[in-house]
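Participant: Generate coordinates for the entire structure from the input sequences, incorporating the hints supplied.
Position 107 of the sequence shown, counting from 1, maps to 107 under the UniProt record's numbering, and the rest follow consecutively.
I should point out that these hints are in silico values taken from the structure, not numbers from a laboratory.
Every value quoted in this text rests on a predicted model; they were computed, and no experiment measured them.
You can trust all of the hints, since none of them are fake.
In the DSSO-like style, the derived pairs of lysine-lysine whose C-alpha atoms are separated by at most 30 angstroms in a straight line are:
1) K144 - K155
2) K68 - K5
3) K67 - K105
4) K80 - K155
5) K80 - K37
6) K5 - K97
7) K67 - K144
8) K5 - K37
9) K53 - K5
10) K105 - K144
11) K68 - K105
12) K68 - K155
13) K97 - K67
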Amino acid sequence: MQNEKMMLEIQQKVELIERAAQAGTGIVEIGSFVHPKAVPQMADTDEVARRIKRYPGVEYRVLVVNKKGLERAGAAGIMKAKLTVSASNSHSLSNLKRTPEEVIKGFGECADYAVAHGIELSGAISTAFGCPFEGMVPLEQVMKVVSCFREMGVKELSLSDTTGMANPRQVYDYCLGVREQFPDVTWNLHFHNTRGMGLANVLAGMMAGIKRYDASFAGLGGCPYAPGATGNIATEDLVHMCHEMGIETGCDLDQSIAIGRDVQKLIGDDRGSFILKAGKCSDVVCS
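Facilitator: Right under this line is the structure:
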């Protein structure tokens with residue numbers, strides 16, 4: 001919701017999160033703990049976290065950028081937090097005036113706090129495939145960032161295609177590379193569908209052995225710092241593709257579609273979900 005002008009009410013957010021869990025979503029990122037002036041859409045994440053019903057077996061996580069955000073997460077009962085850093089030097093220097101390696105070293109106090117308070121940390125490497133300033137980001141640079149996270153003790157990482165510049169061959173090669181060099185890391189992939197390659201990139205990631213993917217209902221999302229970037233791949237599109245291929249997701253497709261439709265109604269806009277436009281393959285009836 002951080003890229004949306006529409007500001008949802010707390011109860012609307014709570015209901016969507018609870019419905020996502022009921023639909024079989026195993027991991028739900030409920031929001032972020034950042035400065036409310038920077039991202040006003042996330043100003044009420046504390047209260048959202050306190051109100052949601054926690055379903056057994058579902059991991060609830062938040063995004064944080066510093067120790068203060070981590071403290072807020074713990075106070076709200078959220079014990080999983082994600083730290084984000086850009087793989088691109090240009091992108092990182094433009095936004096934070098620091099290199100990716102310097103940004104991660106600045107997360108040291110977060111790591112210490114997390115260990116002391118039983119909070120699990122994961123990491124997200126944005127612009128892992130492409131940067132709006134320098135084009136393709138070399139795999140070697142991604143590896144450097146991964147190494148910094150591992151030195152900090154983080155063992156769950158996401159490669160994020162923030163700008164929607166990744167292609168399936170690149171995704172396959174990068175995923176094989178990081179899995180070979182860092183076999184003890186749990187890997188996630190995060191794709192934006194900016195240029196229509198999101199689901200193709202998922203398939204490439206699967207072929208390289210990655211099993212965990214980010215998605216958003218109705219294809220919401222986007223990054224205010226990545227010009228032209230559209231939303232994430234739509235949850236209902238991803239679940240539908242997997243089920244058509246005989247891949248079990250644990251997600252109820254009809255419930256996922258219903259959530260996507262309601263999200264579209266709430267924001268009053270169409271964000272690019274193919275299934276919400278065309279319906280499931282099984283809905284097609286030939287006369």
